[in-house]
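Asks: Sequence:
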Amino acid sequence: MELPKNWRLRKQRYSMVGEICEKCGARIFPPRDVCPECSKPAATPYTFSGKGTVYSYATVFQAPKGFEEYVPYTVAMVKLEEGPMVAAQLTDVDHDEVKIGMPVEMVTRKLYEEGEEGLIVYGYKFRPRIHKSN
1 MELPKNWRLR KQRYSMVGEI CEKCGARIFP PRDVCPECSK PAATPYTFSG KGTVYSYATV
61 FQAPKGFEEY VPYTVAMVKL EEGPMVAAQL TDVDHDEVKI GMPVEMVTRK LYEEGEEGLI
121 VYGYKFRPRI HKSN
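Just so we're aligned: 99 in our numbering is position 99 of the sequence shown, and the numbers increase by one with no gaps anywhere.
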């Protein structure tokens with residue numbers, strides 16, 4: 001199977017798949033071998049809703065090498081509805097419109113291009129929720 005097709009067929013690329021600890025019930029993202037709450041093995045897959053709220057954020061005006069073309073961009077700590085906190089770039093919103101407590105949802109977007117061949121790397125970002133009641 002060619003690389004791009006194999007990449008697109010992985011569910012983890014389009015949803016937030018973590019784990020749930022069978023011992024204490026903690027929901028874990030990203031997946032880990034050991035539960036950070038009770039130190040027991042955590043291997044049961046769990047798909048997060050991808051919905052959360054902005055807990056904190058910062059807007060980048062001077063980007064690291066390779067990301068200069070994307071400035072300004074906003075990176076946020078997002079508190080998922082299921083509990084975990086994740087860091088991710090915000091998209092589809094102007095940096096001056098971002099607010100703490102803003103409802104957001106996970107989307108798959110281009111992160112960057114790699115190498116001379118221009119291999120496009122995708123990952124999760126968050127955008128303002130389209131349907132805030134869901």
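Just so you know, the hints here were simulated from the structure itself, not pulled from any lab data. Glycine is no exception: its CB is placed at the ideal position from the N, C-alpha and C atoms. Each hint should be verified, as a subset may be incorrect.
As the list claims (entries may be wrong) - What follows is a list of derived Cβ distance ranges for each label pair:
(1) 38 with 115: 25 to 35 Å
(2) 72 with 101: 32 to 42 Å
(3) 68 with 30: 24 to 34 Å
(4) 91 with 62: 15 to 25 Å
(5) 25 with 95: 15 to 25 Å
(6) 130 with 38: 13 to 23 Å
(7) 96 with 45: 12 to 22 Å
(8) 34 with 81: 33 to 43 Å
(9) 24 with 60: 28 to 38 Å
(10) 127 with 71: 11 to 21 Å
(11) 72 with 113: 14 to 24 Å
(12) 17 with 101: 24 to 34 Å
Asks: Range hint 14 to 24 Å: satisfied by the CB atoms of residue 72 and residue 113?
Replies: 19 Å, holds
Asks: In this structure, is the beta-carbon distance linking residue 68 and residue 30 contained in 24 to 34 Å?
Replies: Holds, since residue 68 and residue 30 (Cβ atoms, about 27 Å apart) stay within the stated range.
Asks: Verify the CB-CB distance for residue 38 and residue 115 against the hinted window 25 to 35 Å.
Replies: Given about 42 Å between the Cβ atoms, the range is violated.
Asks: Taking 13 to 23 Å as the hint, is the beta-carbon distance of residue 130 and residue 38 inside that range?
Replies: Since residue 130 and residue 38 have Cβ atoms about 36 Å apart, the given range 13 to 23 Å is violated.
Asks: Given a hinted range of 11 to 21 Å, is it respected by the beta-carbon distance of residue 127 and residue 71?
Replies: Holds: the Cβ-Cβ distance is about 18 Å, inside 11 to 21 Å.
Asks: Kindly confirm whether 32 to 42 Å is satisfied by the beta carbon distance between residue 72 and residue 101.
Replies: Violated, since residue 72 and residue 101 (Cβ atoms, about 21 Å apart) do not stay within the stated range.
Asks: Is 12 to 22 Å right for how far apart the beta carbons of residue 96 and residue 45 are?
Replies: About 38 Å separates the Cβ atoms of residue 96 and residue 45, which means 12 to 22 Å is violated.
Asks: Does 24 to 34 Å hold as the CB distance between residue 17 and residue 101, or does it fail?
Replies: 26 Å, holds
Asks: Regarding residue 25 and residue 95, is the given constraint of 15 to 25 Å on their beta-carbon distance met?
Replies: Hint violated: Cβ distance 37 Å, outside 15 to 25 Å.
Asks: Is it true that residue 24 and residue 60 lie within 28 to 38 Å of each other by Cβ?
Replies: 36 Å, holds
Asks: With respect to the beta-carbon atoms only, verify the hint that residue 34 and residue 81 lie 33 to 43 Å apart.
Replies: 24 Å, violated
Asks: Given the range 15 to 25 Å, decide if the beta-carbon distance of residue 91 to residue 62 lies inside it.
Replies: Holds - the Cβ-Cβ distance for residue 91 and residue 62, about 20 Å, lies within 15 to 25 Å.
Going down the numbered hints, you'll see the structure goes against 1, 2, 5, 6, 7, 8, while the others check out.
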